[in-house]
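Engineer: Quick note, the sequences are listed as chains A and B, same order.
Everything in the first sequence is counted per the numbering used here, starting at 1 for the first residue and increasing by one.
Everything in the second sequence is counted per the numbering used here, starting at 1 for the first residue and increasing by one.
The hints are simulated quantities; they were obtained by calculation from the structure and are not laboratory data.
A couple of the hints might just be wrong.
[To be verified] Label-pair ranges, simulated between beta-carbon atoms: (1) B:Arg61 / A:Leu209: 50 to 56 Å; (2) B:Gly84 / A:Ala279: 46 to 52 Å; (3) A:Glu71 / B:Lys241: 31 to 37 Å.
Think of the CB as a built atom: it goes at the ideal place given N, C-alpha and C, for glycine as much as any other residue.
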Amino acid sequence: MSDVKPEAAQEENPAPPEKDYQGMADRITGVGESLRRALILPTLALFLALLVGAVIIMLTDVDAWRRMADEPVAAIRDMLVGVWEAYRELFVGAFGSVRGISETLFTATPLILAGLAVAVGFKTGLFNIGARGQMLIAGLCSLWVALYVDLPAILHVPLAILAAVVGGGIWGGVAGFLKARTGAHEVITTIMLNFIAAFLVLYLLKSPLFQAEGSNAPLSEVIPESARLPTLFGTGFRVNIGLFLALGAVFFVYWLLYKSTIGFEFRAAGFSPSASLYAGMNVAFLYTAVMFLSGALAGLAGATMTLGLPPYAVSDNFAGNIGFDAIALALLGRSHPFGVLWSGLLFGVLITGGRAMQAGAGVSVDLVIVMQSLIIIFIAAPELVKTIFGVKSVDEGPTQLTTGWGA
Amino acid sequence: MTAIAETPAVEVRVRATPEERRSTVVGWVLISLSLYVFWAFVFGVDSTLDATFNLSFATDRFTDLSWVVNARVLSMVMAIGIFGLGIWRLTRQGLRYTNISIAIAFGLFSLAFLAWAAAGSQFSLVGMLRATVILSVVIVLGALTGLMCERVGVINIGIEGQLLASAFAAVVLSSAFGTVAGIVGALVTGGLLGLLLAWLTIRFRVDQIIAGVVINFLALGLTSLMSSRILSDVVDLNAPKRIPAIRIPVLAEIPVIGPMLFDHTYFVYGMFILVFAIHYGLFRTRWGLRSRSVGEHPKAADTAGINVYWVRYRNVVLGGCIAGWGGAFLGLAQVARFEENMTGGIGFIGLAAMIFGRWMPFGALGAGLVFGFSRAVQQKASILNIGVPSEFLLMLPYIVVIIVVAGVAGKTRPPAADGQPYIKQ
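So that you can see chain A by itself, here it is in the shape it has in the complex:
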């Protein structure tokens, strides 16, 4: 009897309601679960990726392997030192100086924007692999405005950005339109549009329209000062107002997806196209619209890489790998705008640090691609992480985002 008593007493006097920490955490991280539960999986994924990366660095250490037969202890020590140096370079490169932090933020800017582009697609059940092509086309549009329109900076920069948004939006919208009208799967069409955009950029940058005088390479004229994105901390540091553009886009997409009617329709179409159709939504229009939006966001990313990248002369490779990094970070951020913001910053760290690692420790920046793919695996297969670490309270990640060819 006495065992029951405390319980009964508790029932009579319930503890005062706790402060709503969970809700607060949700608002900060925006993942819709409590902070700890939401962060545990990405953290473990990142940790595992760093671990596997270390193993890869060791396995590819040619010099150490050559010495393995003669003096194995020293060779293994060298390998471990190699890993230590690579990761030290990585973190020092990203955080160790004001310049490093500026570079990290600068790198993160287009990543966040392109990540938002992919995330918006995911929310509607569309897989936009075409951020690269959209960035390229958008970059060209902004470049054209930058070179051929003569305006004061206060108008020139917004106009160039607007051109990028429209250009990227149209390039993305094509894929959405084709999907809506003909059922052509967006994965294939966006990949093909990437190739087409790349060749188009190569052609145009070698044409008299854009090519710098006296140059044989696909390199444009230098963009006039009035069209450049102003830097935040003077000319020595590359981080520019594009960062605020990215932050603004994060909040805009958050508002659009979760507070507006059309955002609700986007998410409904992603959740169940047939139910949305039955509810009277125009799913074909939604597909086109969301791909336009996605392309427009990727276009913003493209604009930051043309208007904001010193020395302000555009080469054919200005989009780099960003379009593909964007897929990884949209997955890492659970396709939520705030999640994308955090993972964009993380990838900014990894890539900036990866470059420092390549320069300082001789480990190619390709290692970052490997880590990104490992992160996607661990995020997409939470059971795998659960099994490895024996944790139970891990959120289920996105399992089925896309459907087959038929949809």
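Chain A is already provided as a structure; the job is to place chain B on it using the hints.
Structural biologist: Using the frame of chain A, we list chain B on its own:
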């Protein structure tokens, strides 16, 4: 009873099916194409000029074969041919031949283009046909990889990565331990990546497209990393022995056909055998019936006692091995060294070839040859120097893919359970 039988059949005007509508659309497209050929190639060429198509290599038994033809006449014949195909489509007969009509029209168009481009000069037609076969090998093998996976309901976007990784394995192992090791290594690498795809999608039910993208990333990252960290340091590891072509006696002596089909490495012969074998296997054997049932209706297959997971694992791994064969061809015969990202999107073209070929092995072969042909035209036409910027010729295959998957390929029906994870009750 007789009254019922004698009732005149009521004329029911059924709404046109999508296939019929598509046939009409394709018909109009082909007719416009033929008009374009008339305008650009027939009237765009001097009527006195002849195009000379060389039909033999200097090494052939019968040398100096060539086909001299008036360029305008040839393009006119081709234009009329395309026009006829268009009219045939408009009649909406033989709906299953719509894709084949597109392929034939594409071939005729290319020939008209070549007649126009080669007017007044020489062009090695046999060289281009041979290049067509060589350039289509990886595409066809990629398409077969996708087909093996999708027939059991697993979408494989990772073909590109499987090709790249197995090409890397083939080059490195062949340089280190000889050709056999290289080929085995490529097959194993392709198979292992297939296993990874199957494991992620079946065991963990990871979204199939994401799993495929991951495989592409992983292969690109790992091979580039190892290439820059190891191959640049140990150059000997990137010097495989190029696998020589095997001339098939007698058959290789036939003009045109011989150099086109019977003077290749065993990879190419293997590809043709695979097409036949997979077709026979899918539609004539127990293995094929089981595979298809798993791809169409896994629950029913499970009820009938088929182990759905096992069938999926097996086919996806086998598909990976086919990609490994393609990667070995790329690394040991076509290029004979490893370059970072040497596949350059060809796996995706293979995927499109699979869709264009309607998930059928011979369709994959045909579609692969069409894509290979368009690459060969682009390659050879840039030599002719015809004033079209090479970037636009390079774009051509990708534009063709978009046209193919959007509409022109029509409402192809993928396996019903394609892309769906199966959860055993």
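Engineer: When you take the CB atoms of Gly84 of chain B and Ala279 of chain A, is the distance between them in 46 to 52 Å?
Structural biologist: holds (48 Å)
Engineer: Can you let me know if the beta-carbon spacing of Glu71 of chain A and Lys241 of chain B is within 31 to 37 Å?
Structural biologist: holds (34 Å)
Engineer: Hint says 50 to 56 Å; check whether the CB-CB distance for Arg61 of chain B and Leu209 of chain A agrees.
Structural biologist: holds (52 Å)
Going down the numbered hints, you'll see the structure goes against none, and every one checks out.
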